[in-house]
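Chemist: Residues per chain are reported as follows:
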Amino acid sequence: MSIALSILEAVEAKAHNESFGKISQIDLLIGKLAGIEPESLQFCFSAAAKGSIAESAVLAIDEPEGIGECADCGKRFPVSFYYAECTSCRSLRIRIVSGEEFRIQSMTIEKEEE
Amino acid sequence: MCDTCGCSSEAGAVLRKPGDTSFHFHVIQSSSGDDTHHHGEVHTHESNSRKIVIEQDVLLKNNLLAERNRGYFEAKNILALNFLSSPGSGKTTLLEKIIPSIQLHIPVAVIEGDQQTTNDAERIQALGIPVIQVNTGSGCHLDALMINRAMKELKLQDNSLLCIENVGNLVCPAMFDLGEALKVVIISTTEGDDKPLKYPNMFHEADICILNKIDLLPYVDFDTQKCRANAMRINHHLKWFEVSAKTGKGLDAWQEWLENRLTSH
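If you read the sequences in order, they're chains A and B.
Just so we're aligned, residue 1 is where the first sequence starts under our numbering, counting upward by one.
Just so we're aligned, residue 1 is where the second sequence starts under our numbering, counting upward by one.
None of these hints come from the bench; they were simulated from the model.
It cannot be assumed that every hint is accurate.
Okay, the calculated bits of chain B under chain A, using three or more residues with CB under 8 angstroms as the criterion [to be verified]:
#, region
1, 53-61
2, 67-78
3, 213-222
4, 229-235
Simulated pairs of lysine to any residue, SDA-like, Cα-Cα distance not exceeding 20 angstroms [as the list claims (entries may be wrong)]:
#, chain 1, residue 1, chain 2, residue 2
5, B, 76, B, 114
6, B, 61, A, 103
7, A, 32, A, 72
8, B, 61, A, 83
9, B, 226, A, 83
Virtual Cβ for every residue (Gly too), placed ideally from N, Cα, C.
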């Protein structure tokens with residue numbers, strides 16, 4: 001819930017600088033390893049945004065796959081968890097290079113009816 | 001070409017704040033009804049909607065404040081520990097057991113996080129330790145702002161130990177940096193030995209793992225080796241301790257480690 005509120009706070013602050021009206025879409029980047037459940041976030045956001053300029057905003061969520069890089073042989077491969085074994089040399093020294101993202105990418109705002 | 005998002009910026013303005021490279025608003029005109037952002041396309045100007053690039057970490061505000069807290073702790077040479085666990089795994093009891101002897105050499109203060117009640121704070125206060133209770137209400141974790149407020153109230157001493165007992169929850173507290181030096185995750189033998197696998201984010205973020213209630217091992221189906229192996233698979237840097245806060249078994253090792261850390265701090 002407080003995550004939904006921080007998103008709302010961030011977009012409201014940005015929208016404040018614009019003369020445009022309502023926010024129609026918010027683009028989020030939530031990696032598969034970020035520990036965020038997009039469905040519950042959608043649910044919380046609709047509750048958090050009630051009565052705000054983002055009330056009818058759609059959350060467009062991009063979920064990049066986790067990618068690990070083997071520290072021994074350098075091979076990159078998809079990972080779905082924090083522990084992984086290198087698919088080529090079976091090393092366990094894996095560095096997560098992608099999948100932990102949690103960012104607000106952009107938002108779309110609509111011109112107010114005149 | 002915008003260096004931040006790679007978007008062709010001929011058709012849109014880039015707003016920047018002077019002296020602030022982390023904020024980057026990319027104003028792009030897009031035709032009405034078209035809500036997707038086509039990189040490299042020329043965006044039309046006669047539109048009713050436009051896209052503003054934000055590119056900001058969702059937890060930016062918390063993270064910035066956490067770094068302020070961290071700077072304060074470093075300047076005053078305060079070791080701040082963030083204790084995390086499920087409800088009922090023995091965080092408060094563990095603090096009650098180790099604080100009195102640590103306090104003989106080093107001042108200790110505690111911040112207690114719970115949704116409601118001051119029960120835990122009262123238990124710590126009974127030891128004569130300065131304590132602040134943070135009641136998060138409906139919140140399921142402590143955040144950097146709560147710590148910032150609480151530490152000002154506590155009037156922390158230089159060269160001291162600050163124990164922050166987070167809300168009992170293995171999910172959300174993992175995401176919120178408070179400015180602590182170390183995260184200490186506590187699990188107990190009455191929980192499943194697959195807990196590290198079920199809540200990997202918490203174990204991934206933690207620096208120390210304490211297995212509590214080892215006095216109950218004869219009565220529960222808990223495989224210590226398996227639990228430890230699971231935790232190490234998630235995070236092989238994890239420092240591991242096995243204790244019983246109730247009987248005191250294993251507390252020496254943990255306390256010795258902590259005191260070494262405090263003197264080298």
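Chemist: Now look at each hint and say whether the structure bears it out.
Modeler: Status of the hints after comparison with the structure:
1. 53-61: It holds: at least three residues are needed, and the region 53-61 of chain B offers 9 whose Cβ sits within less than 8 angstroms of chain A.
2. 67-78: violated (count 0)
3. 213-222: Three-residue rule not met by the region 213-222 of chain B, so violated; n is 0.
4. 229-235: Check passed, 3 qualifying residues.
5. B/76 to B/114: violated, 27 angstroms
6. B/61 to A/103: holds, 12 angstroms
7. A/32 to A/72: violated, 24 angstroms
8. B/61 to A/83: Measuring from Cα to Cα gives roughly 29 angstroms; hence the hint is violated.
9. B/226 to A/83: holds, 15 angstroms
Violation of the numbered hints given earlier is confined to hints 2, 3, 5, 7 and 8; the remaining hints are satisfied by the structure.
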